Amino acid sequence: KNQVEQSPQSLIILEGKNCTLQCNYTVSPFSNLRWYKQDTGRGPVSLTIMTFSENTKSNGRYTATLDADTKQSSLHITASQLSDSASYICVVSARNTNAGKSTFGDGTTLTVKP
Amino acid sequence: DAGVIQSPRHEVTEMGQEVTLRCKPISGHDYLFWYRQTMMRGLELLIYFNNNVPIDDSGMPEDRFSAKMPNASFSTLKIQPSEPRDSAVYFCASSLSRTGHPQYNEQFFGPGTRLTVL
Numbered sequence: 017k018n019q020v021e022q023s024p025q026s027l028i029i030l031e032g033k034n035c036t037l038q039c040n041y042t043v044s045p046f047s048n049l050r051w052y053k054q055d056t057g058r059g060p061v062s063l064t065i066m067t068f069s070e071n072t073k074s075n076g077r078y079t080a081t082l083d084a085d086t087k088q089s090s091l092h093i094t095a096s097q098l099s100d101s102a103s104y105i106c107v108v109s110a111r112n113t114n115a116g117k118s119t120f121g122d123g124t125t126l127t128v129k130p
Numbered sequence: 084d085a086g087v088i089q090s091p092r093h094e095v096t097e098m099g100q101e102v103t104l105r106c107k108p109i110s111g112h113d114y115l116f117w118y119r120q121t122m123m124r125g126l127e128l129l130i131y132f133n134n135n136v137p138i139d140d141s142g143m144p145e146d147r148f149s150a151k152m153p154n155a156s157f158s159t160l161k162i163q164p165s166e167p168r169d170s171a172v173y174f175c176a177s178s179l180s181r182t183g184h185p186q187y188n189e190q191f192f193g194p195g196t197r198l199t200v201l
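In order, the protein sequences belong to chains A and B. So that you can map any letter, position 84 of the first sequence is 100 in this note's numbering, and since no number is skipped, the others follow by simple counting. So that you can map any letter, position 31 of the second sequence is 114 in this note's numbering, and since no number is skipped, the others follow by simple counting.
Looking at chain A on its own, in the form it has when it is part of the complex (with noise of 0.2 angstroms):
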């Protein structure tokens, strides 16, 4: 059964600081696999995708990492601000599927105070 498994399940840290979110899934056979950031209230919005051949992407002070022999993906955060504060979905899609079959983590909710 493909899952996706995201952690910590939340997280709070103060404004400036850097962390990490971690994704380890078992969706196969993989084909991508994206990060959302959800505001409080919002729908989610695509940080990054990252398809089997890289590695590493950045989008601004967001930097998403995949190891695809370990099927785990990270999140870091640098400099955090409090507008960082959200939830972060990992979402990972299987190749050779319809459109629609991507499986969602449950999120890591972070929280950074002044």
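Honestly, the hints are just simulated from the structure, not real lab data. Predicted, not measured: the structure shown is a model, and the values here were computed from it. We put the beta carbon where it would ideally sit given N, CA and C, even for glycine. Treat the hints loosely; a few may be bogus.
[As the list claims (entries may be wrong)] One side of the interface only, derived from the structure: several residues of chain A facing chain B at Cβ under 8 angstroms: (1) N48; (2) G59; (3) P60; (4) I65; (5) I105; (6) F120; (7) D122.
Chain A is already provided as a structure; the job is to place chain B on it using the hints.
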């Protein structure tokens, strides 16, 4: 572009009533998705359409749920009759396919409809 538009943003209804949620995808997008999000189950895909045709409705919880897409710019998700356990945030998302690689589509989500069934 205004992005994906959903209405209403909030809906409160009583058990047994019919509820209709509406979605206008981003113009030109050929995929449309309906999701439900709850604290207990996270984000769940209910159904998705490609070029207005339902492709996979295996996520629809039961016959009380139905979805239609009469044209490329409008879709509805209907619950009849509604039950308290249907209370959730319902998201609509749309995407534009890249030829031969639909799994790489970036999905753009609407703001969601918060449904409360009393």
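Each hint tested on the structure:
Proximity of N48(A) to chain B holds as hinted, the smallest CB-CB distance being about 6 angstroms (cut-off 8 angstroms). At about 3 angstroms, the closest approach between the beta carbon of G59(A) and any beta carbon in chain B falls short of 8 angstroms, and the interface hint on this residue holds. Taking 8 angstroms as the C-beta cut-off, the interface hint given for P60(A) holds, the closest approach to chain B being about 5 angstroms. Because the closest C-beta pair between I65(A) and chain B is about 7 angstroms apart, less than 8 angstroms, the hint holds.
Checking I105(A) against chain B by beta carbon gives a least distance of about 7 angstroms; that is within 8 angstroms, so the hint holds. Taken as an interface hint, F120(A) checks out: its beta carbon lies about 5 angstroms from the nearest beta carbon of chain B, inside 8 angstroms. This hint holds: D122(A) has a C-beta 5 angstroms from the nearest C-beta of chain B, less than the 8 angstroms allowed.
Of the numbered hints listed earlier, not one is contradicted by the structure.
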